[in-house]
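Residue numbers (my numbering), protein chains in the order written: chain X, 210 to 451; chain L, 2 to 609; chain F, 29 to 219.
If you're looking for bench data, these hints aren't it; they were derived computationally from the structure.
Be careful, since some hints might not be right.
[Unchecked claim] Within a straight-line C-alpha distance of at most 27 Å, the following computed BS3-like cross-link-like pairs (lysine-lysine) qualify:
#1 K65/L with K200/F
#2 K86/L with K547/L
#3 K3/L with K86/L
#4 K474/L with K547/L
#5 K474/L with K518/L
#6 K65/L with K184/F
[To be verified] Short derived list, chain X residues pointing at chain L, Cβ under 8 Å:
#7 S213
#8 P239
#9 L256
#10 L302
#11 A309
#12 L313
#13 F318
#14 E327
#15 G392
#16 T395
#17 L420
#18 H425
#19 A426
#20 M430
[Unchecked claim] Partial list, derived from the structure: chain F residues whose beta carbon lies under 8 Å from chain L:
#21 I52
#22 G53
#23 F57
#24 G77
#25 A98
#26 H145
Cβ coordinates follow ideal geometry from the N, Cα and C atoms, glycine included.
What follows is each chain in one-letter form.
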Amino acid sequence: MRRSWLPVGLLWLGYTVLLIALTKYVAILPAQWAEEAQVVDEAFILLMYLGSPVMALVLAVMTWGIIGWRSDGADREDGPNQQNNRVLVTTWLVITSALAIGVLINPGFVGLAEIRGEPSSDYVIGIQAAQFFWEITYPNGETALDELVVPAEKRVRYDVSSVDVLHSFWIPAFRVKIDAVPGVPTQVYTTATAEGTSDDDVNLRVQCAELCGAGHAAMAMPVRVVSDAEFNEYIESLGGSE
Amino acid sequence: MKYLIRAIVLGIVGYIVGVWLTLAIRGGSPTDEVAVVFGFILALIGWLAGIGGIEAFGRQWIGKTPEVSTARGWQRYFQFTVDHKVIGIQYGVTLLGVLLIGGFSAMIMRIELASPGMSIVDLEEFNKLVSMHGILMVAVAVAGIIGAFGNYIIPIQIGAADMAFPRLNALSYWLVPPVAIGLLSAPLLGSFSAGWTAYAPLSVGGDSGQILFNMAIITFGLSSILGGLNIIVTVITMRAPGMTWGRLPIFTWAGFATALLAFTVTQFFAAALVLITMDRVAGTDFFGPDVGTGILYEHIFWFYSHPAVYIMVLPGFGVILEIATAFSRKPLFAYKAVVGSLLTIVGLSVVVWAHHMFTSGMADFLQAPFMILTEAISIPTGVIFLSIIGTLWQGKLWFRTPLVIAFGWLFNFLIGGITGIFLADVATDIFLHDTYFVVAHFHYTIVGGSIFALLAAFFYWFPKITGRMYNDKLGIIFAVSVTVLFNTTFLPLFWVGINGMNRRVGDYPQAYESANKFASVSALLLGSTFLLFVGNIAWSAVAGPKAGSNPWNARTLEWQVSSPPSHHNFRSQPVIVGPPYDYGVPYVVFPDAEPAPEPDESGKEVLV
Amino acid sequence: MTTTKPPSTEYHQDMSFQPRANLIGLWLFIVSETFLFGAFLAARYYSTGTAKPEELNQNLALMLTIVLLASSLSAYMAETSIRFNHRRNFVIYISGTIIMGLIFLGGVGIELKEAIHLYPPGTPYGSSYFMLIGLHAFHVVTGLIALGFVLFLGLKGHYGSDDYWGAEGVIKYWHFVDLAWVIIYPTLYLF
Ligand code: HEA
Ligand code: HEA
Ligand code: CUA
Ligand SMILES: [Cu+2]
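All chains, please: the whole structure from these sequences, using the hints.
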């Protein structure tokens, strides 16, 4: 009996450490360009940590199954008749429930609260989706089609709508996404943190994330994060050029 | 063969009559969607009548005794036969074919995705490929294990001679070929390109192939509902004396839970598609901007399609648990807790659907409850893992092909399940929704959980069904290479998704090229491993040794009868006197397995 | 584990489970149909809330409801008759059910004709209205066809006090169709 607990326990420990180390030292997440991205990334990393011991446990049992419990079938002897172990089942239930509730509270509710934030904003930008382009309406009423320009360090609200089918407004670098639903206005908030263009990072782009027809893949446009002053300059210039 | 030909002829005649009638009444062209709808319905009726419905049902309606052929030769696979074992094999072979076609379309997709830009198909064709791949595969995953092995094994495991409604069972099967034909002929009408989810309003516009998709899937739903009903009634009413609920083998329990689910939620997919069909052909407007909007569709659709993922995986749990006990020579650990979890999953799975809709723009207050319920479902699923671990614990693990695949399953489904938690969390899902992270998640769960279990079931019950062994070494090589290549195909896709690539795109930014290329090469290798699979079957057919009735020395009832089982499975009424998995109990004595069946003479049998 | 009785030459499972299986099967089928209707009812409330249509022909609908209820009663009488082997009454009651069913269908036809101008299928209310009425009418039609076969068999001398499962099944189904209307009617006309 005791013979199996020890090796499996050690393997479990080893795998857990390994997985946590991997999470910690391998940068799996792309660069963050917004405060919302930080929330999402924290949640993601937390889930990786919490998932590690679960993953490790099963890996440990599998490994020891191959090494320690293997039997070559010549003697088709039966294993021990362990049918149940109330204590173990209860413990398992308690631990997994605790884990589930844990993930639920943080990052679940905490993340939900943070990502929703308070409904205040410095600017409101209208985003209208259509097959297969985005029409942007800036706070001063000017519109643009080719590029989304966002002020850094400002909280922006996007009012998203659609004229035909479902689309989804997604900026990977900001990690936020909301569907554009015909007939139902939707909203999303972002606060960009640093200036940059889509040449710096492919993820600084608006990408349609809901299948909307033949042009779905190409329904993308670059995002440029600029300073507040530049932003105001830019939207004024839109009026002039028309 | 006679019946099959008659079915095809009547099917075609039905189609022509349907189209012709529509044209006669309201004019228009034969490719109008209304005409196609009526054509499809009459074709379906013609097909069913032709394959044997006239004899099996029609005769009864006019007061004659129904007749069902019980021919014994290979011909019985091509007609309306009521033997559940024949039906199981029919399901298995049909769905294997569909799996290959679906896999083939995946190969084309992966070739296209190997590099950015369009190389062999254009964007719209790519969407069509994805949709076709998705829906074919979903059909395989929904009906694969339960249709093939559920039909074949469940009646034997409970000690019954057949299903409760054998003719209905045959009907459920014979509804499936028209589904496949309908879906595969959709390209004639321009195919469908709205994904397997067919979100409205996109699916309300678009090419007419969508209408065939709708009709085919509604038919498929009917087949699932009838099949589910049959299994429920069979398990309730036909258990052998002594086969109490507490002694049901776990695969039967899993099948029963699946049937419960299939039979209560499938209507909703059908309903959603009926609404789309109506919008397309009858001028209603359920998904217009001022009415229901697409969100209505999403609710109805996911009310089915989330439980559907459990319809896919619950029988898989059954298979893997069954294999775990048989190959570690130990009783199933925590049997009662597992049964409880299966039923809890059935209950919970119908109240989590909106986790697919966190970014859909549905009301904000719905987010938290759906997050709670979704995360709650990982607890009963965790109990399944506990049971597997507990069963393997200190067992005498016998690494034959089924167990090796079960190990692959354990690894894959764990990754799939844990990444499910990432998606269940609103904060992370807002980022990950509709990226390749989701694609990787559901391939790990569906392929890793359902298709792997299907393969495991195949290798576990193959000797029972065919009476011959396969080459175990080759089987293990296949199992290991499928597991490894599956992981090399889909692990990079998690990375791609996290780094900002969305799904259902034929073209993508340069940045994702290397990972995609790697995945594509792996996918092609993964596809080629199926040659090993086919090779193994061929080897078994040519040189496979006789399996004997119980090659794994397992304890459930199906291993106590001859391989393959005789016509009514048992020679006499079996009586059950103990639990299903009494491994390790000293002095348990087994009755000798039954001798091989004598061939029955072919002929018609009158049903009661 | 298993022990077996001495082998007999030809094994057939004892068929005594069949009546119970039939009954459970029928009930499950009805439950399953209920879910189907439920889906459409949910769609109706989702897309139009509790909007109440004013101009529909309330009187006609009420009449139809009564006719359908009466047909169900008649079907019930038919079932009772055959249980006591009164073939003549059985045939009469079944015919009554069928005739009332046909009247109902005709009435629904008139109803639709009127409604199509008030609520064309392209409007929010019209969509739900036509969907639900159509779905129900489809069930009435299948029910009538099944009743037709029952009548035919009854006339040919089938069924008896010990064997009327076929008729009973169809009649239970007809009750369900009736019940569905009892829910659809207030959904469309009253609330
Ligand atoms: C067989 C199929 C299958 C299965 C079993 C699952 C299982 C789960 N799925 Fe998955 N899923 C799909 C198939 C499946 N899924 C498909 C096809 C889609 C995409 C559809 C589309 O859009 O096309 C999808 C999409 C999908 C989404 C939507 C993503 C999006 O589009 O934004 C979400 C979100 O919550 C989700 C969550 C989950 C969860 C929480 C589970 C859980 O049931 C997993 C539970 C299992 C475990 C957690 C592991 C074992 C547990 C333990 C070892 C105990 C300890 C662990 C904890 C307490 C955490 N899935
Ligand atoms: C049972 C379910 C199932 C299965 C088994 C698979 C199997 C595979 N799937 Fe699929 N997939 C889905 C269900 C499934 N998929 C669903 C539901 C979607 C979503 C659709 C949508 O968005 O609407 C999807 C979408 C999907 C995508 C995303 C497309 C997109 O969003 O743009 C990709 C991309 O890589 C993919 C790849 C694969 C691959 C490489 C396999 C491989 O595992 C396949 C391996 C099997 C074979 C290859 C078959 C056997 C071999 C042969 C036939 C021999 C010939 C082959 C050669 C040329 C070598 N799938
Ligand atoms: Cu717009 Cu996809
Ligand atoms: Cu789901």
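Min Cβ distance, L420/X to chain L: is it shorter than 8 Å? 5 Å, holds
A closest beta-carbon separation below 8 Å is what the hint needs, so does L313/X meet it against chain L? 5 Å, holds
With a cut-off of 8 Å, does the beta carbon of G392/X approach a beta carbon of chain L closely enough for the hint to hold? Constraint on G392/X satisfied, holds at 3 Å.
Per-residue hint verdict: G53/F, partner chain L, C-beta under 8 Å: 5 Å, holds
Hinted contact G77/F with chain L - closest CB pair below 8 Å: 11 Å, violated
Can you confirm whether the C-alpha distance between K65/L and K184/F stays at or below 27 Å? The given pair, whose Cα atoms are some 11 Å apart, holds under the 27 Å limit.
Does S213/X meet its interface restraint, that is, does its C-beta lie within less than 8 Å of any C-beta in chain L? For S213/X, the interface hint holds, since the closest Cβ of chain L sits about 5 Å away, which is under 8 Å.
Using Cβ atoms only, decide whether M430/X comes closer than 8 Å to chain L, and label the hint accordingly. 13 Å, violated
Holds or violated: the hint that T395/X contacts chain L, with Cβ atoms closer than 8 Å. 4 Å, holds
Is K474/L close enough to K547/L, meaning Cα to Cα at most 27 Å? 17 Å, holds
Does the closest beta carbon of chain L sit nearer than 8 Å to the beta carbon of L256/X? 5 Å, holds
Hint check, P239/X versus chain L [nearest Cβ-Cβ separation less than 8 Å]: 5 Å, holds
Hint compliance for this structure: hints 5, 14, 20, 24, 25 and 26 are broken, all remaining hints hold.
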